[in-house]
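**Student:** Chains F and D, in that order, are what the protein sequence lines are. Position 141 (the first sequence) corresponds to 141 in our numbering; numbering is contiguous. Position 121 (the second sequence) corresponds to 121 in our numbering; numbering is contiguous.
Simulated from the structure, these hints should not be mistaken for lab results. A hint or two may mislead.
Copies of one chain are not kept apart here, so a pair can be met inside one copy or by any two copies together.
[Stated by the list, open to error] As a list, the in silico DSSO-like pairs of lysine-lysine whose alpha-carbon atoms are at most 27 angstroms apart:
| # | residue 1 | residue 2 |
| --- | --- | --- |
| 1 | 20 | 210 |
| 2 | 83 | 20 |
| 3 | 137 | 79 |
| 4 | 20 | 79 |
| 5 | 20 | 137 |
| 6 | 83 | 222 |
| 7 | 330 | 319 |
| 8 | 347 | 20 |
| 9 | 79 | 222 |
| 10 | 137 | 83 |
| 11 | 319 | 347 |
| 12 | 137 | 330 |
The lines below spell out each chain.
Protein chains: 2
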Amino acid sequence: MSRLDYKQAGVDYAKIDPLKILAQQAAASTAGNLQRHGLTEIAASRGESAYVVDCGEFLLASITECLGTKALVADAMRKVTGKTYYDLIAQDTLAMAINDLITVGATPVSVHAYWATGGSAWFEDEQRARDLVAGWKAACDACGVAWGGGETPALTGVVHDDRIDLASSCVGLVRPKTRLTLGDELAPGDAIVLLGSSGIHANGVSLARKLAERLPEGYATKLADGSLYGEALLVPTTLYSPVTEALFAEGIVPHYAANVTGHGWRKLMRHAATLTYRFHTLPHVPEVLRFLAAQTGDDAREAYGNLNMGAGFALYVGKADAARTVEVAKSVGVPAWVAGAVEAGPKQVVIEPLQLTFGDGDLHVRA
Amino acid sequence: MSRLDYKQAGVDYAKIDPLKILAQQAAASTAGNLQRHGLTEIAASRGESAYVVDCGEFLLASITECLGTKALVADAMRKVTGKTYYDLIAQDTLAMAINDLITVGATPVSVHAYWATGGSAWFEDEQRARDLVAGWKAACDACGVAWGGGETPALTGVVHDDRIDLASSCVGLVRPKTRLTLGDELAPGDAIVLLGSSGIHANGVSLARKLAERLPEGYATKLADGSLYGEALLVPTTLYSPVTEALFAEGIVPHYAANVTGHGWRKLMRHAATLTYRFHTLPHVPEVLRFLAAQTGDDAREAYGNLNMGAGFALYVGKADAARTVEVAKSVGVPAWVAGAVEAGPKQVVIEPLQLTFGDGDLHVRA
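Isolated chain F (complex conformation):
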């Protein structure tokens, strides 16, 4: 089977990026508006995963995130097994926002749901609607956030019939302000603790869908561990806020945190500093990711450069806090291990067991 890449899967970042850069510049230019209210932005949060405003006694963090196209996998799998899987992708949608928000050190406080359908008919499948609501509530409960409300527009002519565009916004507080984890203290010698992923999470799904089209049995293809490809894709994203909240309760403040989403392990050098991130211990790769990489013809560079490959979140902590950070994560049920360290050196991610290096030019997340 020939190689599949993101461009074939319908996502052409080169076309999106010019607008994104224009938007980032315009957005940055609005910072001064906060002065009217006696507030200031934390400028270092631009380019990071959540936006942070200094409100005096506390910091306010916010984010809006989209699920992407994972609902299409759920819709396809419904035909295979009869299950809706919307309880699971509800968790994914919230995870996209919450796992980003906590990277800045915020406690997630409340979320809003954004469920845009192609028309009122979407709601006729009551089981699917009920599962969506139940999964959304369960994920809120798991993260200790209040579900504040939401929007359920029927967008005939914008969204396809019987499809749904799922997104969520999340607001959080950094209080006390010393919990802010934007990397000011990130330094050589810090340990990097990685937290295990449950599977593909919600990044790389366009590619995974494209692969399904090329497999003779599609989503019903059996993986080596006996699971169906489609069901394995739908294992929901791990929610990491229980870990960051437990760390806070234990008095551990990470120096930096990164959510491993699009760009895979390249995201591990997200911070603006010029530092080397050297990894010595790799996680077990979830079977679905191993299969995806093998079937699409991806070498390790492509796979680790685009998928999480078993590591869904990274905590950069002082060396003395490393072992305890692992323990705290495990205590709330999330796999964790000391995977590497921060070193002085050029900006790069070095994955020693794979003899693989991503350099500075391999990641562009800033304008």
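Following the hints, complete the assembly by docking chain D onto the known chain F.
**Tutor:** Just chain D now, with coordinates in the frame of chain F:
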């Protein structure tokens, strides 16, 4: 021409409502999660236009809102005049969130953009993309909010090719807490100050689009004032936060506020209390709304029950503050007038000049 109604326009509220009620109940059940962080929700904000959390020294308000299908009007009008109008619908999108957020008394602090397209190709129209960015920034500047970031997903298979799903989220602070305007002090004798609308805003657009399909010249139809129907529809929603901020600066705290969106003037009895809202002075009706009502065969009950008919926002203030509220609104360029009063009596909206009454059974916004 025969009558057109919302069901024909593709929006069937009866189908959406059961899910909405289920979701509202599930959402309400997550309130207790806030206790883990020493926070509590302002329960009265459920069913209102923004969600409010009590954080001790201040209140945190948040909202996520969708533009709806107004982008389809802009896309159609591009073919008529060559202009993109995306600077205008950017303002609409932000107005949907900001005008809701300020009803609770919050100062809007930051917004996130949600721009979901049918694929990367959407971004190839550079003028449209530039206009979207410019309009978004201008609206942020007008409201004094910081544009914190956003999401620009390419959702091939979910969103139609060359279409965009525009939404925004907004976070605000109620500080001091005495600025909260959830209606605790709403009482007989209060004056109702209405603020002028600029046109259709972003509610009733599905109906307006359906009408365009039935007009021989479609969006290019000339209205009585010489404007094109499509261009008149695209006059952007008035941003009302400059009014609420100016009122705050003047020491005027409204007892309640309502954003006149879907359900038109029925929204004026949004508050849970059993009170009569009696109106004596009607605004000038924007030509586009007069035309829409006439062409769709709507009588006054249909028109005022679904469209803003010239009134985009309502401020319920102590009688002694009424005249000054009007002056303050006008001082920031927003038309305003004392339009009516709150009375003891059954829950109803009475529009005297039209001999029209909406009763309690005409509006359902709560679970």
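**Student:** So, for every hint listed, does it hold in this structure?
**Tutor:** Here is what the structure says about each hint:
1. Only within a single protomer do residue 20 and residue 210 lie at most 27 angstroms apart by alpha-carbon distance; the minimum there is 25 angstroms, versus 33 angstroms between protomers.
2. Taking the shortest alpha-carbon separations for residue 83 and residue 20, only the inter-copy value of 22 angstroms comes in at or below 27 angstroms, while the best intra-copy value is 37 angstroms.
3. Taking the shortest Cα distances, residue 137 and residue 79 sit within 27 angstroms of each other inside one copy (25 angstroms), while across copies they are farther apart (44 angstroms).
4. Only between protomers do residue 20 and residue 79 lie at most 27 angstroms apart by alpha-carbon distance; the minimum there is 26 angstroms, versus 37 angstroms within a single protomer.
5. Taking the shortest alpha-carbon separations for residue 20 and residue 137, only the inter-copy value of 14 angstroms comes in at or below 27 angstroms, while the best intra-copy value is 32 angstroms.
6. Taking CA atoms no more than 27 angstroms apart as the test, residue 83 paired with residue 222 passes inside one copy only; the shortest distance there is 17 angstroms, against 52 angstroms between copies.
7. Taking identical chains as interchangeable, the C-alpha atoms of residue 330 and residue 319 lie at most 27 angstroms apart only when both belong to the same chain, with a minimum of 18 angstroms there against 60 angstroms between chains.
8. Proximity of residue 347 to residue 20 under the C-alpha cut-off of 27 angstroms is restricted to the intra-copy arrangement: shortest distance 23 angstroms within a copy versus 48 angstroms between copies.
9. With identical chains, the CA atoms of residue 79 and residue 222 are at most 27 angstroms apart within one copy only, with a shortest distance of 16 angstroms there and 49 angstroms across copies.
10. Proximity of residue 137 and residue 83 under a CA criterion of 27 angstroms is satisfied intra-copy only: 19 angstroms inside one chain copy versus 43 angstroms between copies.
11. Only within a single protomer do residue 319 and residue 347 lie at most 27 angstroms apart by alpha-carbon distance; the minimum there is 20 angstroms, versus 64 angstroms between protomers.
12. In the homo-oligomer, the alpha carbons of residue 137 and residue 330 lie at most 27 angstroms apart inside one protomer (24 angstroms), although the nearest pairing across protomers, at 44 angstroms, exceeds that limit.
In this structure, none of the earlier numbered hints is contradicted; all agree with it.
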